[in-house]
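Colleague: My request is simple: use the sequences and hints to build the entire structure.
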Amino acid sequence: MNKVRTTIFHPLHGRLGAKFGEFAGYRMPLTYADLGATAEHVATRTSAGLFDVSHMAVVDLVGPDPAAALETLVPGGITTLKPGRSRYTFFTNEAGGILDDLIATQFGDRFSVVVNASRAEHDIGHLQLLTDIEVVRRSDLHLVAIQGPQAVELAADAGIDASALTFMGAMVATIDGHDVAVTRSGYTGEDGLELALPAEIALGFAEQLLSDERCTPAGLVARDSLRLEAGLCLYGNDLDETTTPVEADLMWAIPSRRRAAADYPGADVVDRQLADGPGRVRVGIGTDQRRPVRPGNELLVDGAAIGLVTSGAFGPTVDRPVAMGYVDPAHAEPGTALTADVRGKEVPVHVAPLPFAPHRYHRG
Amino acid sequence: MNIPTDLRYSTDHEWVRVDGTTIRIGVTDYAQDALGDVVFIELPDVGTEVGAGGSLGEVESTKSVSDIYAPVAGTVSLINDELANNPERLNEDPYGDGWICELTIGDAAALDGLLDAAAYTELIGEA
Numbered sequence: 001m002n003k004v005r006t007t008i009f010h011p012l013h014g015r016l017g018a019k020f021g022e023f024a025g026y027r028m029p030l031t032y033a034d035l036g037a038t039a040e041h042v043a044t045r046t047s048a049g050l051f052d053v054s055h056m057a058v059v060d061l062v063g064p065d066p067a068a069a070l071e072t073l074v075p076g077g078i079t080t081l082k083p084g085r086s087r088y089t090f091f092t093n094e095a096g097g098i099l100d101d102l103i104a105t106q107f108g109d110r111f112s113v114v115v116n117a118s119r120a121e122h123d124i125g126h127l128q129l130l131t132d133i134e135v136v137r138r139s140d141l142h143l144v145a146i147q148g149p150q151a152v153e154l155a156a157d158a159g160i161d162a163s164a165l166t167f168m169g170a171m172v173a174t175i176d177g178h179d180v181a182v183t184r185s186g187y188t189g190e191d192g193l194e195l196a197l198p199a200e201i202a203l204g205f206a207e208q209l210l211s212d213e214r215c216t217p218a219g220l221v222a223r224d225s226l227r228l229e230a231g232l233c234l235y236g237n238d239l240d241e242t243t244t245p246v247e248a249d250l251m252w253a254i255p256s257r258r259r260a261a262a263d264y265p266g267a268d269v270v271d272r273q274l275a276d277g278p279g280r281v282r283v284g285i286g287t288d289q290r291r292p293v294r295p296g297n298e299l300l301v302d303g304a305a306i307g308l309v310t311s312g313a314f315g316p317t318v319d320r321p322v323a324m325g326y327v328d329p330a331h332a333e334p335g336t337a338l339t340a341d342v343r344g345k346e347v348p349v350h351v352a353p354l355p356f357a358p359h360r361y362h363r364g
Numbered sequence: 365m366n367i368p369t370d371l372r373y374s375t376d377h378e379w380v381r382v383d384g385t386t387i388r389i390g391v392t393d394y395a396q397d398a399l400g401d402v403v404f405i406e407l408p409d410v411g412t413e414v415g416a417g418g419s420l421g422e423v424e425s426t427k428s429v430s431d432i433y434a435p436v437a438g439t440v441s442l443i444n445d446e447l448a449n450n451p452e453r454l455n456e457d458p459y460g461d462g463w464i465c466e467l468t469i470g471d472a473a474a475l476d477g478l479l480d481a482a483a484y485t486e487l488i489g490e491a
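So the protein lines, in turn, are chains E and V. Going by this note's numbering, the first sequence opens with residue 1, and the numbers climb by one from there. Going by this note's numbering, the second sequence opens with residue 365, and the numbers climb by one from there.
Please keep in mind that the hints were generated in silico from the structure rather than gathered at the bench. Note that this is a predicted model, so its numbers are computed, not measured. There could be a bad hint or two in this list.
[Said to hold, decoys possible] Straight-line C-alpha distance at most 20 Å; calculated EDC-like pairs for lysine to aspartate or glutamate: (1) E:Lys345 - V:Glu406; (2) E:Lys345 - V:Asp409; (3) E:Lys19 - V:Glu456; (4) E:Lys345 - V:Glu422; (5) E:Lys345 - V:Asp431; (6) E:Lys19 - V:Asp393; (7) E:Lys19 - V:Glu452.
[Claimed, not checked] Example chain E residues on the side facing chain V (calculated, C-beta under 10 Å, incomplete): (8) Lys19; (9) Gly21; (10) Pro292; (11) Ala313.
Glycine included, each C-beta is placed from N, C-alpha and C at the ideal position.
Modeller: Below, the structure written as structure tokens:
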């Protein structure tokens with residue numbers, strides 16, 4: 001049995017009256033007392049939410065050309081990343097399946113990736129296949145995300161001025177003599193930052209951010225409803241080793257250079273699916289009812305199963321249940337009426353365009 | 365944790381207000397706190413006959429789905445229609461506007477199996 005781990009911010013969660021749940025082997029805050037998931041969600045959309053995302057792994061790739069090395073495992077444009085830029089990509093296998101999704105950042109003097117907690121051990125083993133690259137897990141760095149329209153101003157007032165960055169920009173700030181890696185990114189659809197805090201200042205800086213009345217602590221339940229409204233995938237739900245970038249509607253993350261070169265794992269499968277059409281495709285699932293549609297619910301047309309829900313929650317911003325799933329491409333057009341089988345109850349749903357709530361990234 | 369002394373309680377964290385052969389049912393403050401934000405409530409139909417422990421519907425929160433159980437046998441005589449459109453009332457006012465439904469019961473002696481406030485307080489470890 002693996003021991004359930006806690007993050008460096010655990011004492012803070014305790015003081016804030018968090019309700020905890022286990023996620024990827026960590027005891028993580030689900031919601032906080034006196035707030036609740038809905039209030040945390042709304043605070044993030046309207047002001048700023050602070051998320052402990054330190055269960056995610058920061059992994060440095062050290063060597064002569066880490067970007068070129070990483071490109072052998074992912075289909076993203078990594079060698080073209082300029083210093084101070086981040087990019088979303090994913091590891092693929094020979095069948096074109098997605099092994100994990102990740103953010104790669106070129107800091108100039110440092111090249112780093114952030115991978116999902118549930119896949120960290122797998123991904124580190126996978127990266128160790130690279131020759132001439134040392135894989136260094138940065139357990140000394142602890143990630144938090146500040147998300148929302150007030151996030152950048154809030155961070156600036158706390159000593160990290162990232163106002164010059166645009167969406168997916170990266171920089172290194174200094175707090176009390178410690179380097180803090182900053183990216184203008186997140187998982188909510190809002191403007192915001194992710195900060196890699198050294199252990200010496202992690203707890204103190206999080207407390208300082210929360211001492212500002214514009215900042216609300218937000219747990220995993222709010223994180224899920226925020227990313228769902230933003231149409232962002234959760235690995236293990238919406239993506240796994242059997243889903244390809246074509247099926248997952250993630251071809252925007254594969255630039256034409258990589259598509260033409262077809263030099264990444266599974267490129268032949270991706271090309272074939274692009275030519276012939278995939279057997280299923282990821283779509284948004286909306287409903288005018290209030291009953292939430294949940295992962296595992298079957299999607300039906302005229303009583304026949306044509307798809308499966310992979311994520312679902314109540315979306316406080318759109319004030320309706322929000323979900324994503326995979327459907328037969330014949331039924332993937334936005335507006336197509338479907339039925340969801342929610343524990344034996346037939347709930348009318350429809351294919352919805354993603355995102356449910358518009359992205360509000362700072363693109364400069 | 366608010367546990368009114370004029371109510372009876374079930375071990376499923378529901379409260380019962382007894383008025384002759386009519387009982388009003390809801391979930392306790394402890395239950396609403398444990399559930400988290402309620403986003404959907406499925407109410408029973410008026411006229412539904414239910415045995416003790418039978419399902420009266422579902423409460424779905426941002427975190428989980430839970431059944432509403434009949435604390436004693438009876439027939440649904442009234443439902444809180446307002447709650448279906450405003451499920452957050454179950455969190456805001458669990459003993460008031462957040463009530464779920466009323467049952468007409470045949471056997472008042474069945475209520476003797478329910479807990480009083482002191483016993484319920486002990487059950488949830490608040491004593």
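Colleague: So which of the earlier hints does this model not fit?
Modeller: none
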